[in-house]
Amino acid sequence: MSDFEPKIIVFLCNWCSYAGADLAGVSRYQYPTNIRAVRVMCSTRISAHIVLELFKEGADGVMVSGCHIGDCHYINGNLFTERRVKLAEELLKLTGVEPGRLRLEWVSAAEGERYSQVITSFVKQVKDLGPTPVLKDPKLATRLEAAVEAAKSFRSKTLTSKEVKLTGKGNVYEEVLDPKKYDLIIERAIEDEYQKSLILTLSNHEARSVKELAKEMGQPTDQILDHVVALRAKNMLALDHIEGTTPKYKAMVGGA
Amino acid sequence: MSDDEKRIGVFICHCGSNIAGFVDVPAVTEYVKTLPDVVFATRNLYTCADDGLTSIRESIKEHKLNRVVVAACTPRTHAPLFQGVCQEAGLNKYLFTFVNIRDQCSWVHMKEKEKATEKAKDLLRMGVARARLLQPQEEARVGVTSAAVVIGGGVAGMSAALSIADQGFPVRLVEKESELGGFVRQLSSIYQDRKDAGSVLKSIIDRVKGNPNIELFLNSEVTAAEGFVGNYDIVIDTKGKERKDKVGVIVLATGTKEYIPKGLYGYGQSPNIVTLTEFEGLVKARKLPKMSSIAFIQCVGARGQDKTYCSRICCNVSLKNAMNLAENYKNVLGLEEAGAATEAATPMEAPAEGGERRRGRRGRRGGAEGSEEETTLAGPKLEIVIFNRDIMAYGIEHELTYNKAREKRVRLVRYTPKNLPQVSVEDGKLVIDYYHETLQMQRKMSPDMIVLATPLTAQADAKDISMMLKVPVGQDGFFLEAHVKLRPVDFATDGIYVCGTCKGPADITEAVSQGIAAASRACIPLARGYVQPEALSAYVDSDVCSGCGTCIEVCPFSAIRKNEQGKAEVTIAACKGCGNCGATCPENAIFMNCYSDEQLLAEAKAALQEVKG
Amino acid sequence: MEKNESSVLVIGGGVAGIQASLDLADKGVIVHLVEKEPSIGGRMAQLDKTFPTNDCSICILAPKMADCYGHPNINVWTMSEVVGLEGSRGNFKAKVLKKARYVDENKCTGCGDCLEKCPTKGLPNAWEQNLTTRRAVYMAFMQAVPRVAIIDPEHCRFLLEGKCGVCKKVCKREAIDYEMKDVEMEFNVAAVVVATGFDVWDPTPSTEYGYGKYPNVVTAMEYERIINAAGPTHGHIQRRSDGLEPATMAYIQCVGSRNLKTGHPYCCSVCCMHSTKESMLTREHIEGIKSTIFYKDMRACAKGFNEYVERNKRDYGVEYINSDATVQGQTEKGNPIVSFDIAGKSQQKEFDMVVLATTLVPAKGNVELAKRLGVELDEFQFFKSSDRTLEPISSSRPGVYLAGYCAGPMDIPESVAMGSAAAAKAMEAVVQREVSQ
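Residue numbers (this note's numbering), protein chains in the order written: chain X, 1 to 256; chain Y, 257 to 869; chain E, 870 to 1306.
What the hints contain is simulated information worked out from the structure, not anything from laboratory work.
Treat the hints loosely; a few may be bogus.
Stretch by stretch, here's where chain Y covers chain X in the computed footprint (C-beta under 8 Å, at least three residues) [what the hints assert, rightly or not]:
| # | stretch |
| --- | --- |
| 1 | 24-30 |
| 2 | 37-46 |
| 3 | 67-81 |
| 4 | 149-158 |
The model shown is predicted, which means the values in this text are computed figures rather than measured ones.
Ideal Cβ positions, reconstructed from N, Cα and C, are used throughout, including at glycine.
Let's have the full structure, built from the sequences with the hints guiding it.
What follows is the structure, encoded as structure tokens:
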């Protein structure tokens, strides 16, 4: 495993973390060569689906780094970053890819040394996990594809984006939600979205029965049936044919 | 996307040996030539030197480059230079890509030349992938209505209006009351030099009234405001009469009101228990009763008692009044008749002993703060006590006044929240029971008057104004500036500014400074005559947008609104391109001009290509 | 930019001067920003974090420094000072002396090759509060703007003895220029903004605190550098005597201020808050550290400050003791012994480290600068405003405006606001000049 050189994508916000990474250079703090940095204006730009897409494409690790909480150049963008990375992490867990391949860090413009330490430790962490299993396992790739779609879904995007407001300022009735409760709501919604996306991904090319889907996904059949009913109602899944007595469903291309 | 042929030129910098010493630059250059759409690649000893810049300029022409990539130090210091050169050579500066191979490559991998070279190749591949997807951008230039409205005619608002006017722009100054002057109108004197508040106010009011650039709206309120920086449609309501107007910028200076200490320290139980501002009013009207002792209680309803904050000015206002009573008390009490106002003050003898001891405090062993105060009452006519938690005599003048007060016969008794002074009214007689921290014993006094120093609080209409202008208020109810350190008079929303006590307790001088500061900020778009943000803004695909409004909630700059079709629309002039809405949009209808999903993914995925083989 | 050709002179490139310059430049006015140090940034660039939000100081300042230096309407003159001012509001003639840097600002890329090779080592690094050393050719600090090296003519062997020349040899950009001379420049300006900041009072002469005698007594400014991730100890909190991490710390307030003996009877306005901040941040660096702040009055009197202090007590366990305090010796282990009073009883306690909240004083150069500018100073040598109540921005000379700590004690947001306000007053002078022409 020692000659394994992971490829890790790091997203750096322009104002703090990119400056911190530059400071590491100016101060000549050395760190492993495995990271490839992408600069964005604010870490908040990084949607969960971008992270998941990179895992699908074979990244061994992904890191998102922004200003410390309270330091955000755009006031509170990094609060949203926190929620988005959490969403990506939840979905990653559902697919079976090690969540240790994803990391969120806050690095300030003064923390050049810390940046080099963070990178060093993350590279080690990913090295210890070994090469990404995604490229060798088409099933994982399928699941990641479903995770990408789940991350893009209306529900997960809305929930992650509203969390800052609802657990901070409160809703229209000025009720402030308990963050733990909200976490639970999100967790359930994400799992739900993920399973639906996976059903669609699995039945994209070939028609599948509820039983097949349940087996493939390792979920109880009644739960899958619920999702199938819901997806059909939204015209996202259609009955393709009946094999014996078993109906087989196929995803509607383009949805509606 | 345009399907023009992409012609990418790549310039790789040696930075002397700073890059070339640790990265095989010639190898990287040869590699880059193999990348799609790269029609030219070269290396320079210093790309930022004249010859390097010339090579970029000439290559753009010679090779008809429509994308330029420079791999060098860091965009944070050098991107503007290279963008400028591209621009000069006729290439839109948004078609320029910077690849950082020094600060984030050669300098951090100084012992691994081979791997650093591999990384540099990857970084270039990523840069080229990004460059291929870049589109030229035009920076939108939006015209500005060359006028301002200042809401609030107190000292801060008047200062702002005067400076905007003196910088050459017409100002509407809108005041709710029938007179200018705001909070200061209630005061008898200003603590700097204890000048008469009325005459201080008059000097500034006269300047406002005499300024031809200022149009005054008394008994008026701004009841509606729509638009964005440089272009606001507002309605000014004067006793039911509405005037529609256009302004470029808005300055908020809506002031403050004093906290009413209901249920605290016997307030309301005796006419001789008053708030600090009520006391000022009595002094101003010369209606103070005759008395032989007076107590001020500080931090009433503040610093955790009800409001969490410290109101900054009340210690100094109490000290001023205490000094005034000590030095000038006959006049203050109204014992002198009208003509006596001009009579010289009759300062009280300073008890030299007490002052001396006070001075010698530092470094003295034994005896803590307060112990000597018991003895500073040698031959007083009027006993003055200030119960305080900490005296906020910050800066120069307040501290000097504080020193003087201690040298006079003003007793300063410290209390802690654990042992609040207790006020009771017995047969119209006021009694204060208090714990003396230094003597560690319970004491009693019976002042003729008790003055409760209560904090300044947010105006009742602050919330409504905040909703109307979509600017935030903080937990304390005061308006919340864009950044507490570096943007003290800006709101995050461009074009709206804030000053004076509506953003937190401040004294008259601070209100003046903030007012003029807000004028400076507000005049920037007015002086330029246009706003032209970097073309980093978000775009909404209105065919995809469902009008859910989630993006509007997350935008920290109020740069998104719903249009007549109920669809989200970005106000380009107000957008700063952070990308929060882009990552948020549940319909994936928003894309970021220079940081689209496509561009980010192309750049990042390019790093993975070799791995996939 | 297009319409104004008027200029304004801004003296001092700290946060107040930067803000004044940016406001003016954004309105199309040409700004000459004169800074006596090799980099702009001022005191704020030295601080670790800022209260009450614990924002990283350089993180929020660096973009402003870069904007300022890169602004097409701002000419930043580092290593420069104003030597004369003639004329009147609207039509001043300012003389500026730019001292030789011996490094060409247009050629130096800030690569640092010369810094590594210079043989003259071990010179005190004043920017790092002399906690580390620099060489004869050096960079003002890591995030300096401009990022250009500078040669210290008092220690450079070539400049002193004509021998060495190593930096010139290693500089491939040929940026080293030993022949560089001081240059005097003249600018026509409509107004002048003075924003020269403050000095930190040196507590060495004051015997009550043992500074200079006991190595584990440090000043707050030294501590800002010690706790800073980019500082001389990389943010590791270490005692000067043995490099060990402290487990107990004391902060003594009002060192040199509110004190007639030192000539600074005023309150410096910021040290209650920076000690609160430093103790809070220390707790984030060292789990379980016990900190005590000895104070006279806890002046937490601006937005969010009182809440910040309360949070420090509640969540960070920092103890606040209302007492004067002095350092009256040290133990064998080098622990300073702090004397203080509780309820009139004298007490002594040893701490692993003591931070002195030393007062901030008017810059040494104020007297000379005031003479050159023809403006008055107050009794403490801060720049005096023409009217304390309504004209805090105006100096005693029309057309010369004040911003930041040089006009009296204030914190960063007040300095920034005053920087903007001074820009507004200067802009009024520019506008009125143009109208009258």
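Each hint, compared with the structure:
1. 24-30: With 6 residues closer than 8 Å to chain Y, the stretch 24-30 of chain X meets the three-residue bar; holds.
2. 37-46: n = 9 at 8 Å, threshold three: holds.
3. 67-81: holds (count 6)
4. 149-158: Satisfied; 6 residues make the cut.
The structure is consistent with each of the numbered hints, conforming to all of them.
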